[in-house]
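Peer 1: So the chains spell out like this:
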Amino acid sequence: MDYLTIIQILDSMLRLSAPLIFACLAGLFSERSGIFDIGLEGKMLASAFFSAAVAAATGSVWLGLMAGLTASMVLAAIHGFASITFQGNQLISGVAINFLASGMTALIGQNWFRLGGRTPSLSGDGRFLPIEFPFAESIGKIPFLGPIYSELLSGHTILVYVALLTVPFTWWLLFKTRFGLRLRAVGENPEAVDTGGVSVSFLRYRAVLICGLLCGLGGAYLATGMAAGFIRDMTAGKGFIALAALIFAKWRPAYALYACLLFGFLEAIAIRYQNITIEGVGTIPVQFMQALPYILTIVILAGLVGKAIPPKAGGEPYVKER
Amino acid sequence: MKNLPKWVDLALIPLINLFLAFMISGLVVVYIGENPFRAMQIIINGSLGSAYGLGYTLYYATNFIFTGLAVAVAFHARMFNIGGEGQAMVGGLGTALVCLFIDWPHWTIAFPVAIMSAALFGAAWSAIPAYLQAKRGSHIVITTIMFNFIAYSMMVYLLVHVLKPKGQMAPESAKFVAGSNLPSAHDIFGWFGMAFPKSPPLNITFLLAVLACFLIWLFIWRTRMGYAIRAFGWSETAAVYAGISPFKIIMVSMLVSGGLAGMMSINSVMGEAERLLIDSVQGAGFVGIAAALMGRSHPLGVFLAAVLFGVLYQGGAELEFEMPAVSREMIVVIQALVILFTGALENLVRVPIGKIFMKLNTKQN
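If you're matching them up, the sequences are chains A and B in order.
So my numbering is basically just the index in the first sequence, starting at one, shifted up by 101.
So my numbering is basically just the index in the second sequence, starting at one, shifted up by 3.
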């Protein structure tokens, strides 16, 4: 494996990690506030569809992005409605949202475009295009460091950079602001927050909507940045890999980035090499690479390596004492 | 609100929830530009209007009974087993191994062995998540989701690299030995000199599913273990105080649950496909969640809900044929809404109904 191949794999890792980073941080906000969310997948899918559909209809990827964010946030609001206002089971609500998104996108997609659930291919202003960094070509000629700049860092769509910047922003918001402190507190001990005179419901609604926003960015990236249009069930389990990454990261922003990069790296390897043959060990099938994120998460959950402890009040609806 | 009459809790509230789900689905059909009442008529005619349709409806229902019971048993111990999909896939492997490599003289011998194998494989796939929940407190929902994906990758690997016969392109196993083929509804009706169309995949497993409903009812409500499971589900602290071991309850309820999900493959793999396909479950594991919620975790309720979803699946296929604008995914939307209203938004209906009945009660007193 030569140097340029490594750079190319890392480049593909960045591209593949971006949606995971969005979804993982989305889950981070929601779960840190005490609302479990297994509906990341569905929200991404809804956003992917509506962003691609509106971008195809209007020719503007920005209008598409707005539509995608709206769709994802509507689903997030339903989740909030069920789990905060009506104190329903958050996991069941998440399951329902995944199916709702999967069914609705296929149904409406067929109705609007008659392409078997696809949207028309996007081109030009209908999708996010790669951004070339200044002087990428000339700097790329510098040995060793040049390709890192020109091949690895340059040439992604704007949403990839947004995803990377969201990580420090999330850290700042959660750990350096009053809102963040309260949000984390409401996920650990909502009674204390309530006693302090802060509304538990309002805090949780905000967290859930931020979750919707970030899932929306991830979904829009899938359909209008990474691919050129929507295809049925195109999220293909990314929402669940993000959920796995969240546990792997033990609900911390910086670790979330590392976990998503790791899982993106595994995916990049799996795409590039179908079956990896290691001398003397044998062949690692591509299916094993695809299952590895889940297996690693199980290992973490089993407490074999470290221990993942979720926010204490997670999954429990908050009922005010009367 | 705890003193709601039983019929309100078990019948009225689920029916209102179902009505809400259908109403919203109807609005979606209106949006698409079709008549929802005609759509409903096509669904009912296509699924119940002929022996042919009924054969398909009950075939689907058989799948959903097994996965629905699986979710229901776990619910009684307050475990949410979302891994029915993976457990049914691995159960299919158990069925396939039995039907591929043993030359059965007659299906009557193959049937019980395959049932045991399917249940064993399904239960084994739920054993690790159950153990992690019981010993490590790892959330069962997360681990069973992960195990669904791991199961899928494993099955793809096994079918592509191990079970696929040489020289065949499609990633599926060889056809099962002839002695393992189960009698279809056509055969069974034939024994009694009655006619039934040949093509619907309904087979003897339906009777097994009905028996399973009865046995699970017996298990949950008429055995010591079932009582312990329900006690644990109502209050873990009280159950522990009464000397019930949480480890035992979690393991038993999840193993029974996984076993039931695995047994679904008797219907779809052994009864219908007669070979192992990559996606032999086709989402039935998730329909089981809807069936268990709708049926309020009672075997009779699960049975009725499973038949309802059978109607929707078969009727939905007919609907797509008659109204091309309404694609098959309509069923997924209805399923999502049923899960949403009966599961997550339960209190939306329950609280107002409870208030109405409380007022009625105070008036009577």
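To be clear, the hints were calculated from the coordinates, so they are not data collected in a lab.
There could be a bad hint or two in this list.
[To be verified] Restricting the straight-line Cα-Cα distance to at most 27 Å, the calculated cross-link-like pairs of lysine-lysine (DSSO-like) are: (1) B:K138 / A:K413; (2) A:K413 / A:K277; (3) B:K138 / A:K421; (4) B:K366 / B:K9.
[As the list claims (entries may be wrong)] Which stretches of chain A does chain B cover? Using the computed rule of at least three CB atoms under 8 Å from a CB of chain B, they are: (5) 307 to 313; (6) 341 to 348; (7) 384 to 392.
[Said to hold, decoys possible] Which chain B residues stay away from chain A? Per the calculated CB distances, all over 10 Å, these: (8) S156; (9) R225; (10) G229; (11) E349.
Cβ coordinates follow ideal geometry from the N, Cα and C atoms, glycine included.
Peer 1: For each hint, tell me whether it holds in the structure or not.
Peer 2: Results for each hint:
Proposed proximity of K138 of chain B and K413 of chain A is supported: the alpha carbons are some 18 Å apart, at most 27 Å. Pair hint K413 of chain A plus K277 of chain A holds up; C-alpha atoms about 21 Å apart against a cutoff of 27 Å. Proposed proximity of K138 of chain B and K421 of chain A is contradicted: the alpha carbons are some 32 Å apart, above 27 Å. For a cut-off of 27 Å, the pair hint linking K366 of chain B to K9 of chain B stands: about 19 Å separates their Cα positions.
With 0 residues bearing a CB less than 8 Å from a CB of chain B, the region 307 to 313 of chain A misses the requirement of three and the coverage assertion fails. Three residues within the 8 Å Cβ limit are the bar, and the region 341 to 348 of chain A against chain B gives 4, so the coverage statement holds. Judged by the Cβ-Cβ criterion of 8 Å, the region 384 to 392 of chain A is covered by chain B as claimed, because 5 of its residues qualify and three suffice. A beta-carbon of chain A comes within 10 Å of the beta-carbon of S156 of chain B; the shortest separation is about 4 Å.
Consistency note on R225 of chain B: stated as away from chain A, and its beta-carbon is indeed over 10 Å from all of that chain's, at 28 Å minimum. Every CB of chain A lies more than 10 Å from the CB of G229 of chain B, the least distance being 23 Å, so the non-interface label holds. Non-interface call for E349 of chain B relative to chain A: violated, since the shortest CB-CB distance, roughly 6 Å, does not exceed 10 Å.
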